Every structure is written in structure tokens, then in C-alpha cells.
Amino acid sequence: MKRPGPGAVVGFALIWAFLVAFVLYPLTRVFYDAFTDEAGRLTFVNLREFFGDAYYLRSLARSLLLGIAAVVTTSVVGVGVAFLILRYEFPLRNLFSYLMTLPMILPPLVGVLGFVFILGRAGTVNVLLMDWFGVLRPVNFMYGVQGVLLVETIHLFPLMTLSVLDSLAKVDPSLEEAAEVLGARGWRRFFDITLPLMTPGFVSGALLVFIWTFADFITPLVLGVHDLLAAQAYLNIVQFVDRRLFRMGIMISALLVLLAIVFVLAARRYVGLKDYGTLAYSRVERRKLGPRGRWAAVAFLALLLFVSLVPQVGVLLAAIGRGWSLTPFPLHYTLEFFRQVSIETPKFIVNSLIYCGLAVLMCIAIGVPMAWILSRSRAPGRGAMDALTTLVLAIPGTAVGIAYVRAFNAPLPLLGVPLTGTWVILPLVLAVRRLPYTVRGSHSSLLLVHPSLEEAAANVGATRLRTFRDITVPLVWRGILVGGLFSFLTSLQEASATIFLTLGGWEMIPFGIFTFYIAGSQSQAAALGVVLIAVCAVSLHVVNRVAGTRVGGLFG
Amino acid sequence: MRIAVREVTKRFGKVEAVRRTSLSIADGEMFTLLGPSGCGKTTLLRLLAGFHTPDEGEVLFDDRVVTSVPPHQRGIGMVFQNYALWPHMTVFDNVAYGLRLRDVSRADIRSRVGGVLEKVGLTGFDSRFPGQLSGGQQQRVALARALVLNPAILLLDEPLSNLDAKIRVQVRAEIRKLQKELGITTVYVTHDQEEALTMSDRVAVFNQGTLLQIGPPRELYERPANRFIADFIGTNNLIEGRVEAAGAPPIPLRVATPLGTASVQGDARFRAGDRCIVCVRPENARLGDEPGEEQNRLEGRVAFAAYLGNTVRYDVDLGHGISFKVDVRNPRQLPDVALGSRVTVTFPPTSALAVPAEP
Chain A
1 MKRPGPGAVV GFALIWAFLV AFVLYPLTRV FYDAFTDEAG RLTFVNLREF FGDAYYLRSL
61 ARSLLLGIAA VVTTSVVGVG VAFLILRYEF PLRNLFSYLM TLPMILPPLV GVLGFVFILG
121 RAGTVNVLLM DWFGVLRPVN FMYGVQGVLL VETIHLFPLM TLSVLDSLAK VDPSLEEAAE
181 VLGARGWRRF FDITLPLMTP GFVSGALLVF IWTFADFITP LVLGVHDLLA AQAYLNIVQF
241 VDRRLFRMGI MISALLVLLA IVFVLAARRY VGLKDYGTLA YSRVERRKLG PRGRWAAVAF
301 LALLLFVSLV PQVGVLLAAI GRGWSLTPFP LHYTLEFFRQ VSIETPKFIV NSLIYCGLAV
361 LMCIAIGVPM AWILSRSRAP GRGAMDALTT LVLAIPGTAV GIAYVRAFNA PLPLLGVPLT
421 GTWVILPLVL AVRRLPYTVR GSHSSLLLVH PSLEEAAANV GATRLRTFRD ITVPLVWRGI
481 LVGGLFSFLT SLQEASATIF LTLGGWEMIP FGIFTFYIAG SQSQAAALGV VLIAVCAVSL
541 HVVNRVAGTR VGGLFG
Chain B
1001 MRIAVREVTK RFGKVEAVRR TSLSIADGEM FTLLGPSGCG KTTLLRLLAG FHTPDEGEVL
1061 FDDRVVTSVP PHQRGIGMVF QNYALWPHMT VFDNVAYGLR LRDVSRADIR SRVGGVLEKV
1121 GLTGFDSRFP GQLSGGQQQR VALARALVLN PAILLLDEPL SNLDAKIRVQ VRAEIRKLQK
1181 ELGITTVYVT HDQEEALTMS DRVAVFNQGT LLQIGPPREL YERPANRFIA DFIGTNNLIE
1241 GRVEAAGAPP IPLRVATPLG TASVQGDARF RAGDRCIVCV RPENARLGDE PGEEQNRLEG
1301 RVAFAAYLGN TVRYDVDLGH GISFKVDVRN PRQLPDVALG SRVTVTFPPT SALAVPAEP
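Chains as they are written, first to last, in this note's numbering: chain A, 1 to 556; chain B, 1001 to 1359.
Hints in this document: simulated from the structure, not taken from any laboratory.
Just so you know, not all the hints are guaranteed correct.
[Unchecked claim] Going by beta-carbon spacing under 7 Å, a handful of chain A positions derived as facing chain B:
#1 L175
#2 E180
#3 V181
#4 A184
#5 P196
#6 A365
[Stated by the list, open to error] Pair ranges (Cβ atoms, derived):
#7 R1329(B) to S377(A): 49 to 59 Å
#8 R469(A) to E1240(B): 52 to 62 Å
#9 P474(A) to L1023(B): 52 to 62 Å
#10 N94(A) to S1068(B): 25 to 35 Å
#11 F468(A) to E1240(B): 55 to 65 Å
#12 L195(A) to L1182(B): 27 to 37 Å
#13 E1118(B) to R185(A): 29 to 39 Å
#14 L64(A) to L1182(B): 48 to 58 Å
#15 N94(A) to L1023(B): 36 to 46 Å
#16 L1182(B) to A296(A): 52 to 62 Å
#17 N94(A) to E1240(B): 46 to 56 Å
[As the list claims (entries may be wrong)] In silico SDA-like pairs for lysine to any residue, Cα to Cα no more than 20 Å straight-line:
#18 K1014(B) to K1325(B)
#19 K288(A) to R1218(B)
#20 K288(A) to R1046(B)
#21 K288(A) to E1016(B)
#22 K1014(B) to K347(A)
#23 K1014(B) to G1038(B)
#24 K1180(B) to G1075(B)
#25 K288(A) to F1012(B)
#26 K170(A) to N1162(B)
#27 K288(A) to G1135(B)
#28 K1014(B) to V535(A)
#29 K170(A) to G1075(B)
#30 K1119(B) to R1168(B)
#31 K347(A) to E336(A)
#32 K170(A) to N1226(B)
#33 K1325(B) to G1309(B)
#34 K170(A) to M1089(B)
#35 K288(A) to Q1081(B)
#36 K170(A) to N1082(B)
#37 K1177(B) to P1216(B)
#38 K170(A) to V271(A)
#39 K288(A) to P1070(B)
#40 K1166(B) to T1210(B)
Just so it is clear, the structure is predicted and the values come from calculations on it, not from any experiment.
Ideal Cβ positions, reconstructed from N, Cα and C, are used throughout, including at glycine.
This is chain A alone, in the form it adopts within the complex (with noise of 0.2 Å):
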């Protein structure tokens, strides 16, 4: 091995410097101010308050619950839509395959509120249902628990397809069919032999959507629920106010990281159990459905997509409709309120586009190396690199914007303000949030560079410098751009971590969404939910077209 040259360790240090400067300092002074009393002593009052308090105890276990039940109806849907999509053939197949995928990469927030406009109390279903049914009072369909699980299972199936489709798609069809020649058919077939088998990726799934329902605070606050833990940890911080309130918005945020932290490893100690290193990915005959399966696939995806679809219907029409109140739709029609977010106040989109674009820069530059410095070297600390990229992972962004609130607001040494005081927060937070899927896109595709496609080429004469040119580079540029382009598309719609973040002339596309929305203006909220729809499906358009691919070709 050659010992490595002063660039590589400079650079290594810098990565390392950012690393802890912006990952594990934050999370540490989260866990310090829970902790110390405003002297900086050691104290458990605020964890002791916590657990002494019957609506936070009743916030925890309510959100626990939301998070188990959202796990458990994003995996009949998730893992119903990953079998009917790998394993058999119907009309319109490839069609749902690439459609499936959608409702993941909408904007979350605007979902909900597209809910409201149609499901609401005033919304278009009510309004049917009072005009022509007779119904008297309006039905609660979305205030309320009920209406946060429903949102959140329609934006994160996706996510169980995904995860459940991996390891689904290595079960290899005889290991189905040695079961089915001793007589195992059907459900039995399924438990016994399929469902073990897909832990792994069931796993993973779960673990997803049980962060993020758990940790989401703008479904919630829209819906009318407040008494979650997610939701009351936003409510104590950005009221400034009683300083006791906040202290305990800083436990709580302290109590989401360690339950994340928790959930984290129990499922890796779960899924190191469960791996199965000898499966492999593996060609699946897909079986053909009956005429009447193939009618209940068709209308369930149908039925599924249409459900999915209903927010953007409902935030189009809301942007565009002038004085819609009590009719099922909108009776006029304007174009005002876009103009009124895009041409009178730029601020939101140009914020987005710029702040979103440095991010993606500044993930590239730290998170390609860290790819490089995972896959190829051999440098010390390797491990707790790639377990801090993990943690990332699966921090909620409240967490993480609670924390960055607390860990970055005293005066720099040389600029005399805070790091909290400049925009450069903003995008550094979202660098932070997306730099695991960035090193993890450009982690896989440096394993698709053999290392002897390297070697050859050094044993042709090939310098080092060269070889990375000429080989290496054009081998692994499109999965990175992917990558980039992906991190940007999913940062445009962040506001979890930035929200707690944002002053006065840095508003992005969410927080004016939210903001908007929570103070009343809904038609501006609207329309500035269709222009982020808008530039999230161009960037998905662009990612489709690099890629060679569709997104929707995930499905297979």
C-alpha cells in the first residue's frame, strides 16, 4: 500500500472537520442543553418534567402508535402493490409500475393540504355529500388522527414498495416453489417462506416510515393535532416566550434523536440476524392473472393512484380558484395568486433554486470523497464515518434543526454574528440532510468500478491522476449526477429542519407554503404548492433523462 500523499490526508482532515463540526457537535449540544440547567450544570429536571407531564407522557404514546399504525398500512399497501408489480402480469402493468412512485416524490406538505381542500370539512367531498346526500353536518375526514395516518400512508408506501421490492426481488422463485411441492400454497407459502425472506428490505421499510411519521410535525400542525411529541417539540421551540417551554422543546428534540438512535440499531442487530448472504437477485417468471384478478389489480392500483392523486387536484384547483367556498369547485378562475408568489414576491422560488443548488454542491464535494475514502482506501476511523452517515440517515430534520437552533448560535470568532444569523444555515443544514444518500449513490456506483478496470489501466501506463480521468470518472459521473439531481429534488421539498431556521427574507418555497397556509392565506399556499410540484417534476423529468432511465424503472 502506498502511503498516502499530504492532499489525501489534508483532505481527509477537512471532511472529518466538517463532519464533527456539523453533524456531531450539534447532536451533542442537543443532548448538553436537555441536560444543564441555564448555570450549565448537570441536571435531570427537564427529563424528569418530561416524564411527570400526563400530556407530553400522552403526546410520546400517541405518537409511538401513529408510527406503528403507519407502519402497519404502508405494508398491506406498500408490500401489496411491490408483489403485484414483480410477481404478476395485468393491462397497464409497466404503466402503474412507473406511476407508483409519484406520491413519494411530491412534496409531503403539499399533499396535505391538497387533502384539506378536498377532504376537509369545507372541502369538495363534503359539500357533494351535503348537497346531494342530504348529509347534515359536514364528516371529519382529515382532522384528526385519522387524517394524519391517511396522509402519511399515501406519501410513504412508496417507500415500503421500494425497500419490500429489493429483497422481494432476491427470493429466488424455487425457493416459492420447493415450499409449494411439500404443499405449501397460498398465505402459508407467504409466511412461512416469503415474508421471512424479505425482512431485510421489510425492515429497512419500516424503520423509514416509523422515523418519519414519528418525527413529522407539518401534517399534524395542518391537520389540527398538536398533542404529538414532534408537534409539541415545534410549538415549545418557536415560541420565545417562556424560556421553561423551550428548554423542554430541546428535551423532547433530544428524546426524538435517542429514539431514532435506538430504533436504528435494534433493527440493524434484527437485520444482521436475518441476512442471508446467499440470496441473490434473481429472474422471476411473472404469473399471469385470472380475468378477475386481473380486474381487482387494475382497480386497486387504479383506486390507489386515484387516492394518490386527489391532493394535487385539490392544490391545483385551490391555486387557481378564486372565492371557493361551499361549492364543490371552485365557480371562478385566476391566475393572481401565482403572480402574487412568483413575479410580486420572487423571494420564495429564487431562495429555493439557489439555496438547494449550493447544497447539492456542497454534498458533492464532501460526500464523493467520503465515497471514495469508504470504498477504496483504507484509512482509520473508516467505520464510524459510514456509521455517522447512517445516523444521519435517520435523525429527523426537527431533530436536526432543533439542534443546529441551539449549536450555532453564538457570535462566530471573526464575523461577529452567529451562524445562525447568515443565509449560508440554510443551505449547509439541507448539504447536511442529504449527504447520506449522496455518499451512499456515489458508494455504489465506485463498487460498479472494479478495481482491477484501475489496475488495467495502470498496467497499460496510466498514471494515477490519469486513470481516475480517463477511467473512473466517465464510469461513475451519472450516478453521481443522479445523485445531485435527486438530492436537490428531495431538499426542495425539506422544511422540517430549515423551518426552525429561517429569518426574515430567506424563505423558501415550504416555509412560505406553511406559513401561508397556517396564517389563512391558502389560495397563495396553493400556488405556491403547485409551482414546487412544478420544479420538482422538471428535476425529476431531468434526473429521468441522465439516468437513461425512469425512476418508475425501480419497480423492474
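Position chain B relative to chain A; hints supplied.
Showing chain B alone in chain A's frame:
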């Protein structure tokens, strides 16, 4: 149990994977389906297993039509090419699974699994997981799992293809021994002609969905029915020619080839003027002149020699673009023939065979 396949056709889209195939397998027979990949042999096995239903024709076990009987009611045990051991279950659980599905009592399961594991030589491996076993051991677990239910028919889908050459030979013998011991009707799929010849009572050779020949290994090797089989099974020198004078054993055919006229064995269906292929096995030819009027003699140059230990295989260039392989046994007792030297190749009419040029 006897198996009969009657006029079975199976299509995938427009491709006929198995075309109007009929064959019958006797009780206790070791029957091999042999052919290159994509020839339809696995499809036929899966038709027997019940994973496919034929588009035309029927499958009978003894005298019962089983064409639409689901796999688990056919009384078959199956070993898959990749063994298909469930990685989340121990060896014991893998083997016991079928018994558990049939509500066999715990004590019975224990004794039956123990018995079958002993039979395949895996006693003491009960609590291992498949990932902790070698390929050969996994193969035996798969065999035990198939046998524990005492099936009337055993189906083996290329069970040795994932094993090292040495272990393959060993497991091959074990399977054959176990099969004879149990007297179980066995259908064995392979693309390896050596495997087919050593293990089978009878072999059916397939190509492109069509059954070409059924017979005992010796018959396939010594009397191939057509050019494909002559070429596919073992090594053969094939020379195209035209029948000059018909004959029937023991009278040899006279065949005109680009290299001259040859006397070869052939059956009575050949008429003068028919196109045919002369087949000569490398081990049936000699380098150097042999006494005897009736010997076929060819002249050529040694183009290549491969030393194989027990034999040396010479490639002799006979001109006209024809290369002829000759095996010389016990090379230690003979001097090497130098490359490029002119040699005479001889072979007796009794060990050369004419087969139809089509198909």
C-alpha cells in the same frame, strides 16, 4: 411409479419449448433428460412436477392423468438446480417442513428427519443453517428434503451443476446408489452428457424442444440416431458423404467422401445416392498403417497434439478443411509423433457409422 408423457406440447408465447413429445418411464428407472441449454428438458421436468401445464397432450403417473393436479398432490420430491434451501431455516427445519405441513407428530418428525439425514450422510448437521454448509452438503440436504416424504417420483433439475468437478463425481455415485437402493422412479435433467451416460438407465436427448432419441447410454454412444446426437454425445469425427452402395449389417455401406470411399456400418434405410455423415470416434482410429484389406485409410499431417495423461489426442489435417481426431492410448509406451509429420490414419468399417445428414 410409471410415468407416461403423451403428445405433450408447451409454448411460451410463440416459442414451442416442448414439441409433441411422447415417452414412458418404467417403475424404478433412472431416466435422464439430456440436451443443451434451452432444449426444453427443464420445461419437461417442470411439466412433470406440475409447475407448468401442457398446452396439448397429457401426463400420466401409473394410469392416472395428472395434467391438472397441483404439484404437492403429485407425490413427487424435487431437487432444484440451486438447491432452493430456505436460508432462514436450519437443516432440520428445511427437511422437516413438509412433514410439519402434514401434521406429522413431533416424535415421528424427529425420527424420520434423523433417518433421512443419516441416509444422505449428514447426521449431526441438524442445527446448521444452509449458509454454513458446503455446496455438496447443501445438495444432500436438498436431496433429504425431497426424500423425507417418501415420494413415488424423484425429480432432479441439474443437481450437480453448482459443484466442483471432484465432488460432482462423488455425489453422482451417491445419488445413483441411493436411487437404486430406494428403487424410486427418478427423472434427472442435465446438459452434461458424461453425467447422463454414467448415471442413467435410459437417456432421452432433446434439441430445440424436440425429442431426438431415447435409449440406454451405450446405444446413444454407439448408435446415435442422427448427426446432432453423434456430435453432442462424446467426441466424434464427422465427415460428410454420399452413399455409393447400400448395405445392411454385417455388409458395410460404401460411402463416397471428399477423401475417398469409405466402408462403414449403416442400417438398411440408406439408399444409394443418400447424403449421410460418417462418424468415427477418436478412440476407434489408429495412427499408422494397420494390416487388413477392409481397413479405411486416410493420409494427413499432424497439426496438433494434446497430452491428456492416459491418452494423446492428435489432430490430423486431412486436407479439404477436414481435421480428424485420433486418440492414442498408453502414450508412455509409444514415442511422440512430431507435429507436421505425415501420417496414415486407419479405422475399421465395424467401428465407423453412417448417420442421416438430416436433421
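- Taken at face value, is the distance from the CA of G1135(B) to the CA of K288(A) at most 20 Å? violated, 34 Å
- Between K170(A) and G1075(B), is the straight-line Cα distance small enough, at 20 Å or below? violated, 29 Å
- Message: Does the beta carbon distance between F468(A) and E1240(B) stay inside 55 to 65 Å, or does it fall outside?
- Response: Distance hint for F468(A), E1240(B) holds at roughly 57 Å.
- Message: Run the distance test for K1166(B) versus T1210(B): straight-line Cα separation, threshold 20 Å.
- Response: violated, 32 Å
- Task: Verify the proposed pairing of K1180(B) with G1075(B), using a straight-line Cα cut of 20 Å.
- Result: At roughly 19 Å apart (the allowed maximum being 20 Å), G1075(B) and K1180(B) satisfy the hint.
- Does the hinted range 46 to 56 Å hold for N94(A) and E1240(B) at CB? Once the Cβ atoms are compared, 50 Å apart, the range 46 to 56 Å for E1240(B) and N94(A) holds.
- Query: Are L1182(B) and A296(A) spaced within 52 to 62 Å by their CB atoms?
  - Reply: violated, 45 Å
- Below or equal to 20 Å on CA atoms is what counts here, so check K347(A) against E336(A). holds, 17 Å
- Holds or violated: K170(A) with N1226(B), Cα cutoff 20 Å? violated, 42 Å
- Task: Go ahead and decide if the range 29 to 39 Å is satisfied by the Cβ distance of E1118(B) to R185(A).
- Result: holds, 30 Å
- Taken at face value, is the distance from the CA of V535(A) to the CA of K1014(B) at most 20 Å? This hinted pair is violated, its Cα atoms lying about 45 Å apart.
- If you draw a straight line from the CA of K1014(B) to the CA of G1038(B), is it 20 Å or shorter? holds, 15 Å
Going through the hint list in order, the structure does not satisfy hints 6, 16, 18, 19, 22, 27, 28, 29, 32, 35, 40.
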